[in-house]
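**Q** The residues making up each chain are set out below.
Number of protein chains: 2
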Amino acid sequence: MIFLPRRKTMRTDEHETIMRLASEQARTTMEQGFGGPFGAAIVQDGKVIAVSSNSVLKDHDPTAHAEVNAIRQAGKVLGTHDLSGCALYATGYPCPMCMSAIIWANIKTVYFACTPQEAERIGFRDDFIYRYFESGRDKEPKLVRLAQTGHDVCIKLFEEYAKNHQQVY
Amino acid sequence: MIFLPRRKTMRTDEHETIMRLASEQARTTMEQGFGGPFGAAIVQDGKVIAVSSNSVLKDHDPTAHAEVNAIRQAGKVLGTHDLSGCALYATGYPCPMCMSAIIWANIKTVYFACTPQEAERIGFRDDFIYRYFESGRDKEPKLVRLAQTGHDVCIKLFEEYAKNHQQVY
Chain A
43 MIFLPRRKTM
53 RTDEHETIMR
63 LASEQARTTM
73 EQGFGGPFGA
83 AIVQDGKVIA
93 VSSNSVLKDH
103 DPTAHAEVNA
113 IRQAGKVLGT
123 HDLSGCALYA
133 TGYPCPMCMS
143 AIIWANIKTV
153 YFACTPQEAE
163 RIGFRDDFIY
173 RYFESGRDKE
183 PKLVRLAQTG
193 HDVCIKLFEE
203 YAKNHQQVY
Chain B
43 MIFLPRRKTM
53 RTDEHETIMR
63 LASEQARTTM
73 EQGFGGPFGA
83 AIVQDGKVIA
93 VSSNSVLKDH
103 DPTAHAEVNA
113 IRQAGKVLGT
123 HDLSGCALYA
133 TGYPCPMCMS
143 AIIWANIKTV
153 YFACTPQEAE
163 RIGFRDDFIY
173 RYFESGRDKE
183 PKLVRLAQTG
193 HDVCIKLFEE
203 YAKNHQQVY
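Protein chains in written order, with the numbering used here: chain A, 43 to 211; chain B, 43 to 211.
It should be emphasised that the hints constitute simulated quantities derived from the structure, not laboratory data. A couple of the hints might just be wrong.
Note that the list lumps identical chains together, so a pair holds whenever it fits in one copy or between two copies.
Unchecked claim - Straight-line Cα separation of at most 35 Å, DSBU-like style, residue types lysine-lysine; simulated pairs:
| id | residue 1 | residue 2 |
| --- | --- | --- |
| 1 | K89 | K205 |
| 2 | K150 | K89 |
| 3 | K205 | K184 |
| 4 | K150 | K118 |
| 5 | K184 | K89 |
| 6 | K205 | K100 |
| 7 | K184 | K118 |
With the hints as constraints, model all of the structure from the sequences given.
**A** This is the structure:
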């Protein structure tokens with residue numbers, strides 16, 4: 043665990059210290075062939091509570107990006123899915139999956155090191171998913187086709203939830 | 043395991059059979075308080091290889107949506123992060139995190155049962171994240187603020203990857 047002073051504004055070298063942790067974790071797993079050069083760390087009240095990296099190849103899990111792994115780790119550490127007040131550090135600009143995960147986790151502050159262009163230069167392209175959302179997602183059937191089915195079955199399930207459960211998260 | 047005939051087009055009742063599996067799984071975990079009424083199934087060559095549901099509350103994991111859980115499960119079953127040729131069934135229209143996960147997994151066909159509007163009616167709102175992407179993400183600092191830091195450290199990591207590793211996924 044690394045403790046940093048609790049202040050509203052952190053110094054540049056403090057940000058870099060945390061980013062270095064993410065970077066070192068990414069280097070370790072990258073060299074083991076677990077995934078790309080992507081690391082992430084999560085900080086709460088000046089304390090690093092999660093450091094993780096991409097493990098897509100090792101875990102056979104296309105969702106195992108560094109940011110998602112760090113969010114999962116932080117959720118376990120804090121015992122909640124709500125990471126309000128935490129900041130996330132990532133060696134690369136988050137892809138839309140990770141950005142959405144960050145938003146679901148209620149993380150409001152993200153520090154990134156390398157740009158999407160720099161990720162693209164080493165072969166990783168996330169921008170096609172950003173473009174999919176920006177251009178109106180249903181208009182790109184080559185990327186993913188959506189169709190509706192089984193509505194009668196599932197709407198009953200939704201209604202049961204509304205009737206019996208209150209927790210919305 | 044449920045086996046369905048290998049055909050290019052499946053009958054409506056076959057789609058509904060699979061959606062019912064997703065729905066039943068969601069009902070079970072919903073009643074246990076694990077998460078919302080969201081289930082998902084993944085089918086490859088007419089075989090159901092994964093059935094999962096939302097476990098955000100149980101796992102303290104904001105990324106544990108039904109679709110993400112099903113993708114993780116299918117990846118483990120097949121021993122790869124690449125789910126090309128699979129179709130995904132979801133009781134609700136996928137949120138941007140799940141839609142991105144689907145795209146990363148190379149799943150091209152998605153069947154959903156309930157609409158975003160129906161999810162909203164029972165208290166679940168995903169559209170603010172869709173709007174975030176559609177409206178130009180950096181323009182909504184209240185949702186998430188991004189800043190660049192630690193570039194010098196991480197660009198070296200990216201360059202090392204480009205030099206020593208070839209696998210891009």
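**Q** The structure should be examined with respect to each hint, and the outcome stated for every one.
**A** Taking the hints in turn, this is what the structure says about them:
| no. | hint | result |
| --- | --- | --- |
| 1 | K89 / K205 | between (41 Å within a copy, 34 Å between copies) |
| 2 | K150 / K89 | within (16 Å within a copy, 41 Å between copies) |
| 3 | K205 / K184 | between (39 Å within a copy, 32 Å between copies) |
| 4 | K150 / K118 | both (19 Å within a copy, 32 Å between copies) |
| 5 | K184 / K89 | between (44 Å within a copy, 23 Å between copies) |
| 6 | K205 / K100 | between (42 Å within a copy, 20 Å between copies) |
| 7 | K184 / K118 | between (37 Å within a copy, 26 Å between copies) |
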